[in-house]
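Those sequence lines, one after another, are chains A and B. The opening position of the first sequence corresponds to residue 0 in numbering that gives the first Met the number 0, with each subsequent residue numbered one higher. The opening position of the second sequence corresponds to residue 0 in numbering that gives the first Met the number 0, with each subsequent residue numbered one higher.
Hints may contain errors.
Said to hold, decoys possible - Cβ-to-Cβ under 7 Å is the rule here; a few derived chain B residues that face chain A:
| hint | residue |
| --- | --- |
| 1 | Cys53 |
| 2 | Ala72 |
| 3 | His75 |
| 4 | Arg78 |
| 5 | Phe85 |
| 6 | Asp87 |
| 7 | Ser89 |
| 8 | Asp91 |
| 9 | Arg93 |
| 10 | Phe102 |
| 11 | Ile106 |
| 12 | His112 |
| 13 | Met115 |
These aren't lab readings, by the way, just hints derived from the structure by calculation. By construction, the Cβ of each residue, glycine as well, lies at the ideal position given by its N, Cα and C atoms.
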Amino acid sequence: MTSNLTGIYTIWLRDLRRFWRDKPRIIAATVQPALFLLILGTGLSRGLTTTFQTENHEGYLVFIFPGIIGMAILFTSVFSAISIVWDREIGFLKEVMVAPISRWAVAIGKSLGGGTVATLQGCLMLVFAPIIGVDMGIWTVIVLIPLMLFVAISLTSMGIVAAAYMHSMQGFTVVMNFIMLPMFFLSGAMFPIAKLPVWLDIMVKVNPMTYGVDLLRRTTISTGYFSLFTDLLVMGIFGLVMTALAVVMFTRQE
Amino acid sequence: MIIAENLRKEFRAKRGGEVTEAVKGVSFHVPAGAIFGFLGPNGAGKTTTINILCTLLRPTSGKAVLNGYDVVAQPHMVRQSIGLVFQDPSLDERLTAGENLEFHGMIYGMPRHERMSQIEKMLAMVELQKRRDDIVNTFSGGMKRRLEIARGLLHNPKVLFLDEPTLGLDPQTRSHIWSYLHKLREEKNITIFLTTHYMDEAENCDSIAIIDYGKIIADGTPDSLKKGVGGDIVYLQAADNKKAAAYINSFYGYNVSNGGDNICFEVEKGEEFLPSFIKKTDFEIYSIGVRRPTLEDVFLKLTGHVIREESVDAMDSIKAHVRMRRRG
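Make a model of the complete structure from these sequences and hints.
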């Protein structure tokens, strides 16, 4: 058991080390959501009239800010998980697979590592809060961090499951277009999810990311769509199922 | 130290697809402290056998015991007892040499002080102390290999597996690596199991097993295997190799085999045979020579074909290309 705990810690530490060393990646992972927030967000907010420009509404930029944090977490989580495919291609995964630790420990270490890295990336997005006028106290940040970690670990586990089906890094575009972008667009990160046409409403509500974004929005700007209980329950079940699947994938792998 | 009994491994490409048998009942025994070579062409089942022994693959049937532990029933104990150097590089190239070793030491559960002293020792052995804090992707192919050997030995394994340890390396680096392996065996009495398709490298082993199409076709010491070939090898290139072969066969009764551009056959005493042979022949000979048998001849005699070089399958050639580039 101790050997498995050390194993989890070792794999986690490596992910953090690699994240820290790869400055261009940190910058890229910050710039992309920043573009959505500052350029797309500012542009759209000028054009949007009804919902966001009434007297008592906080405005479009503030509305999408938690969604953009969610985007940074989603992309970083899945990207970290998919690095397993890269590890497999460069052969490093073998070094891990023949180590005297259990396969489940490898999966958990990877989930925690990717989750932590994505949370750090999410925290980096908080520097935009004062720029766009989101007022966040220190307590908000303290509550936000474990919630981000919770969402990030669930998403990393999902990425690990996806990685098990990928044969090479070329599969990344498939994951990008069929998992990450739909999950992001359908999460209500960029638009309110009330008053949607039925087909879109259904798709938004079956997307687990919607509840993650709702959780972040509730915490950052105190407006949520679902109840706190629903958010936690859906994300919790999603996270557990994905982590369980990730463990199974690793145990079965030869 | 390693006992394999009738190991078999089948692969199924797809569900319901065709079954291919990569290893067809392999048995051998490697005593402690020996250098054991698994010799055979690519695709003969060498890597599959290694993967079974190091618990990465489950055998379809058969049994393997390593350092007293069963590879299927006690994989953790087996993993703790072995060090591995894979055919393809397996370092994290974005970490430093020291960090790669540290990762290994930690994941193998070595306590901190032991880890630190072993990292120093191993880096010194492969002469990489000065590069400890350099990122691995700045290393040459030979340096990466040496670092992988250092890593494989870090946790003091009883058995070191090396899968094609010198593939893609230049001759100078190859002989360098071999001098490390000999030094290791002397200093640590470690058991070394390696695969190679370089015949000349197999000569360094205490005993070898020759594997082809998933079966061991001969085993023993390099000398005993070569004795099996008999006398000396005469090789010649004639204007018409086929005609020459037919002549030698009918006139002398020797078994002539085809080895690329040359044809060759065994004779009792090569030096004495040549002058009279040349005097008697009525066909044109471009070149002729005599040499002591090598493992290449053993392989040729046993299988009737020369050891296959890299197969020209598209994926393999891409892989070989990538490997060469990455080995730098």
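Holds or violated: the hint that Arg78(B) contacts chain A, with Cβ atoms closer than 7 Å.
4 Å, holds
Please verify that hint: Met115(B), Cβ, nearest Cβ of chain A, below 7 Å or not.
Violated - the Cβ of Met115(B) stays beyond 7 Å from chain A, reaching only about 15 Å at its closest.
The hint names Arg93(B) as touching chain A; please verify it with the least Cβ-Cβ distance against 7 Å.
With a minimum Cβ separation of about 6 Å from chain A (threshold 7 Å), the hint on Arg93(B) holds.
Status of the hint placing Asp91(B) at chain A (closest C-beta pair under 7 Å)
Where the cut-off is 7 Å and the nearest Cβ of chain A is about 5 Å from Asp91(B), the hint holds.
Hint check: is the beta carbon of Cys53(B) less than 7 Å from a beta carbon of chain A?
Holds, about 5 Å.
With a cut-off of 7 Å on the beta carbons, see whether Phe85(B) makes it to chain A.
6 Å, holds
Cut-off 7 Å, beta-carbon criterion: hint that Asp87(B) touches chain A
5 Å, holds
Should the hint that Ile106(B) touches chain A count as held when the rule is a Cβ pair under 7 Å?
4 Å, holds
Under the criterion of a CB-CB separation shorter than 7 Å, is His112(B) in contact with chain A as hinted?
15 Å, violated
Residue hint Ala72(B), partner chain A, criterion CB-CB below 7 Å:
15 Å, violated
Can we keep the Ser89(B) interface hint, with Cβ of chain A closer than 7 Å?
4 Å, holds
Verify the interface restraint on Phe102(B): the C-beta must sit less than 7 Å from at least one C-beta of chain A.
6 Å, holds
Of the numbered hints given earlier, the model fails hints 2, 12, 13; all others are met.
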